[in-house]
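Visitor: Here the protein sequences come in this chain order: F and Z. If you count the first sequence from 1, position 168 lands on 168 in the UniProt record's numbering, and the numbers rise without skipping. If you count the second sequence from 1, position 223 lands on 223 in the UniProt record's numbering, and the numbers rise without skipping.
Be a bit skeptical, because a hint or two may be false.
Repeated chains share a single entry, so a pair holds when one copy, or any two copies, can fit it.
Unchecked claim - Under the rule of at most 27 Å between Cα atoms (straight-line distance), these lysine-lysine pairs were calculated in the DSS-like manner: (1) 277 with 324; (2) 376 with 407; (3) 390 with 327; (4) 392 with 174; (5) 429 with 177; (6) 101 with 390.
Hints in this document: simulated from the structure, not taken from any laboratory.
Number of protein chains: 2
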Amino acid sequence: MLALRVASRRSVFLYSLVSALFQTSLSKIRKMSQECKFVQVRSPSSTTPTSADIQGIPGPIEVTDEVLYANAHPSMSHMSPDFASVFGNCLRMTRQVLYSKNAQPFLIAGSGTLGWDQVSANLVEPGENALVLHSGYFADSFADCLQTYGANVDQVKAEVGDAVKESDVETALKSKKYKIVTVTHVDTSTAVLSNIKGVAEVARRVSPDTLVVVDGVCSVASEEIRMDDWGIDVVLTASQKGLGTPPGLSILVASQRAIKVYENRKTPVTSYYASWKKWLPIMNAYERNGAAYFATPPVNLIYAYHASLQQIIQGSVSLEDRFKAHKEASRRVKHAAAALGLRCVPLSEDVSANGMTAIYFPDGLAASDVIPRLLKKGVVVAGGLHASIKDKYFRIGHMGATAVDTKRGDIDRVINALNETLAEAKASKA
Amino acid sequence: MLALRVASRRSVFLYSLVSALFQTSLSKIRKMSQECKFVQVRSPSSTTPTSADIQGIPGPIEVTDEVLYANAHPSMSHMSPDFASVFGNCLRMTRQVLYSKNAQPFLIAGSGTLGWDQVSANLVEPGENALVLHSGYFADSFADCLQTYGANVDQVKAEVGDAVKESDVETALKSKKYKIVTVTHVDTSTAVLSNIKGVAEVARRVSPDTLVVVDGVCSVASEEIRMDDWGIDVVLTASQKGLGTPPGLSILVASQRAIKVYENRKTPVTSYYASWKKWLPIMNAYERNGAAYFATPPVNLIYAYHASLQQIIQGSVSLEDRFKAHKEASRRVKHAAAALGLRCVPLSEDVSANGMTAIYFPDGLAASDVIPRLLKKGVVVAGGLHASIKDKYFRIGHMGATAVDTKRGDIDRVINALNETLAEAKASKA
Numbered sequence: 001m002l003a004l005r006v007a008s009r010r011s012v013f014l015y016s017l018v019s020a021l022f023q024t025s026l027s028k029i030r031k032m033s034q035e036c037k038f039v040q041v042r043s044p045s046s047t048t049p050t051s052a053d054i055q056g057i058p059g060p061i062e063v064t065d066e067v068l069y070a071n072a073h074p075s076m077s078h079m080s081p082d083f084a085s086v087f088g089n090c091l092r093m094t095r096q097v098l099y100s101k102n103a104q105p106f107l108i109a110g111s112g113t114l115g116w117d118q119v120s121a122n123l124v125e126p127g128e129n130a131l132v133l134h135s136g137y138f139a140d141s142f143a144d145c146l147q148t149y150g151a152n153v154d155q156v157k158a159e160v161g162d163a164v165k166e167s168d169v170e171t172a173l174k175s176k177k178y179k180i181v182t183v184t185h186v187d188t189s190t191a192v193l194s195n196i197k198g199v200a201e202v203a204r205r206v207s208p209d210t211l212v213v214v215d216g217v218c219s220v221a222s223e224e225i226r227m228d229d230w231g232i233d234v235v236l237t238a239s240q241k242g243l244g245t246p247p248g249l250s251i252l253v254a255s256q257r258a259i260k261v262y263e264n265r266k267t268p269v270t271s272y273y274a275s276w277k278k279w280l281p282i283m284n285a286y287e288r289n290g291a292a293y294f295a296t297p298p299v300n301l302i303y304a305y306h307a308s309l310q311q312i313i314q315g316s317v318s319l320e321d322r323f324k325a326h327k328e329a330s331r332r333v334k335h336a337a338a339a340l341g342l343r344c345v346p347l348s349e350d351v352s353a354n355g356m357t358a359i360y361f362p363d364g365l366a367a368s369d370v371i372p373r374l375l376k377k378g379v380v381v382a383g384g385l386h387a388s389i390k391d392k393y394f395r396i397g398h399m400g401a402t403a404v405d406t407k408r409g410d411i412d413r414v415i416n417a418l419n420e421t422l423a424e425a426k427a428s429k430a
Numbered sequence: 001m002l003a004l005r006v007a008s009r010r011s012v013f014l015y016s017l018v019s020a021l022f023q024t025s026l027s028k029i030r031k032m033s034q035e036c037k038f039v040q041v042r043s044p045s046s047t048t049p050t051s052a053d054i055q056g057i058p059g060p061i062e063v064t065d066e067v068l069y070a071n072a073h074p075s076m077s078h079m080s081p082d083f084a085s086v087f088g089n090c091l092r093m094t095r096q097v098l099y100s101k102n103a104q105p106f107l108i109a110g111s112g113t114l115g116w117d118q119v120s121a122n123l124v125e126p127g128e129n130a131l132v133l134h135s136g137y138f139a140d141s142f143a144d145c146l147q148t149y150g151a152n153v154d155q156v157k158a159e160v161g162d163a164v165k166e167s168d169v170e171t172a173l174k175s176k177k178y179k180i181v182t183v184t185h186v187d188t189s190t191a192v193l194s195n196i197k198g199v200a201e202v203a204r205r206v207s208p209d210t211l212v213v214v215d216g217v218c219s220v221a222s223e224e225i226r227m228d229d230w231g232i233d234v235v236l237t238a239s240q241k242g243l244g245t246p247p248g249l250s251i252l253v254a255s256q257r258a259i260k261v262y263e264n265r266k267t268p269v270t271s272y273y274a275s276w277k278k279w280l281p282i283m284n285a286y287e288r289n290g291a292a293y294f295a296t297p298p299v300n301l302i303y304a305y306h307a308s309l310q311q312i313i314q315g316s317v318s319l320e321d322r323f324k325a326h327k328e329a330s331r332r333v334k335h336a337a338a339a340l341g342l343r344c345v346p347l348s349e350d351v352s353a354n355g356m357t358a359i360y361f362p363d364g365l366a367a368s369d370v371i372p373r374l375l376k377k378g379v380v381v382a383g384g385l386h387a388s389i390k391d392k393y394f395r396i397g398h399m400g401a402t403a404v405d406t407k408r409g410d411i412d413r414v415i416n417a418l419n420e421t422l423a424e425a426k427a428s429k430a
């Protein structure tokens, strides 16, 4: 019924807008015809001791000028053909980032967290079982969300710094019938990388009906994910990490198998805003470069996401090389930390993320010795987050432009700041 | 427990960022020090027949250059003191727009629709009664949302073009115990204005425990709302209408009475992303200009909202004069329509919105005769939306800068385009 209502509404929205020209002009002489490039400028840290030039946090990450410029697009109707075409491109390019041919993307105004609600409300019915693989803080939150919607949740917990072993996943999946298994690809609290390909392989082999749900908030576009080849059913993420866009967009991609499970559910979806019943006709309309209405999409952010996807999918660096660039940036940061005698939170290279690094403070130094000094050098990093070790480590993000556009020199700057900071901090204690 | 976890986490986020300088520079000569004003330019409609210069739709509305510029703010950490202070200001200024001293604002990444989920999930427990006053399309949607979360919903429906009469509200409220009564201040489908002050007065008098919930998506900052004086418990809205910001921000303000009702609920909140249990500690932290984490806020959009609120609250036009400007713009558009012999959807001036106008096509003309012609003249309007009359009328938005900044000449342009369009359309049928 909704689909019909939407379709009939769309037919009377006869908007047609020009591709809005968008130029900046010289303020003094008001010559509107003269263009002037849009460039973000931060204050140089050398002259402003408290300035911070690099968002070296695991999101929101540094975004390119082109993306910011697109985020300042003049107002456009969400029902206009121009916007519909941009939205349609975003759906298709999102699919490409995940190497999927026919999975269903959902682009909805919201934080990454809304992806958990989408999974919990649409794919799991009250009383059904969910298996959560725990490699850090965000598994607890996903479990909390699933329980809110009535799921029975079991967690398999890895020790801090490790991912859940595939053998443990196999044991758990054989013990009980699970509707879904969730795995955090990169847990932002620990920088632990899980082997989602391995988890999916185990699930397909020992519990083929269980849907494999990947929390890819801190991994999409910084770590390789091959949804179709690996048999992954859901990847949920957000705009402000590897996808290089300001925050505010919940991005979820569901396999057709997952969509069928949703379509065959026996009980109604228990969320309104996160309901695929509402959003599926909308995404289908935009996919056909048409427009449909359930709730007003974040128009400007969609333009910004489009600009970033174009850089990711159609830019000078291929998607494969983008993953390599993240590995190289990661290798450099982790090598620098090791050269300083610092230990990372992930227990081995196999479980180490490529888009961020979590580093224990050395003996005798604390957050207050390290983080403010990095800040003075223009590098913003994040403190600890995992409850059991939160005061003992800090986190550096190196995703998107920071990892891929080596001309920026972000990684050099992070490493230099780290070297200088550790030397100063140790000297201050001597 | 969450509050504790959040508090402890916050303490280790020791970010401190400079107020990011943000300048544009001349691209040709790369003189970064020379400033260049950020101005949005649209193509003149005279040279491009398909161009559209004015978003004359009831949202997303035209936004100012300063707001767009703020939306292009370089990446900032959501945990930084700079951002926290901006977020805190947004909370305080949101309260000011509604003339409230101590109501609780929630600013969450999402569409306006998410406000319905917040009300339905936090304030109404499954099996409780909700009364929905129907003055158009959006009441049906709000009712649908309430039912999704288990409420028993009764609707009192006004005839098309009218608001529900206070006597009918009184009868309904006396017939049954209702947890909440909802009223759409301006229904975007009909441009009908409801007397929310009157509804609140009736509720307080005959059913004092019933919470009065105002859907103010199409009214906040374009129509006067005095939350405290009028005894309103919830106002929910979105960023892209009277508040003059790009879409993507769900804005809800709850009275302390409503917060108490939420705190005293017997059953757990049945949404995760819309749960005030999650968001209340976050809003409290930002109110104190600190930061806390549940889900990453839409950082850039908060900067944009801040810029718009500064113009609304601290700009050269007072809030009172802003409402007057909307009335004047509305009077001009409606007068022009009347002079053309056109009839508005609202049945009387008393129930006519000031931020938009819904106009029936004259006999013999249809959407296809009018809307494309307006588009050619650079005025984007919206088609019909209310199911029973949707092909018979169109809608013009005149909120925010379009109504208040008369130097823009938007209203003149809309009226001229309307006059020319009707003359041409009639001539083509002669």
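Visitor: Now look at each hint and say whether the structure bears it out.
Guide: We went through each hint and held it up to the structure:
Proximity of residue 277 to residue 324 under the C-alpha cut-off of 27 Å is found in neither arrangement, the shortest distances being 38 Å within a copy and 41 Å between copies. Proximity of residue 376 and residue 407 under a CA criterion of 27 Å is satisfied intra-copy only: 22 Å inside one chain copy versus 45 Å between copies. Taking identical chains as interchangeable, the C-alpha atoms of residue 390 and residue 327 lie at most 27 Å apart only when both belong to the same chain, with a minimum of 25 Å there against 55 Å between chains. In this homomeric assembly, residue 392 and residue 174 never come within 27 Å of each other (Cα to Cα): the closest approach is 37 Å inside a single copy and 61 Å across copies.
When the C-alpha separation of residue 429 and residue 177 is checked against a cutoff of 27 Å, the pair qualifies neither within a copy, at 56 Å, nor between copies, at 68 Å. Taking the shortest Cα distances, residue 101 and residue 390 never come within 27 Å of each other, neither inside one copy (40 Å) nor across copies (38 Å).
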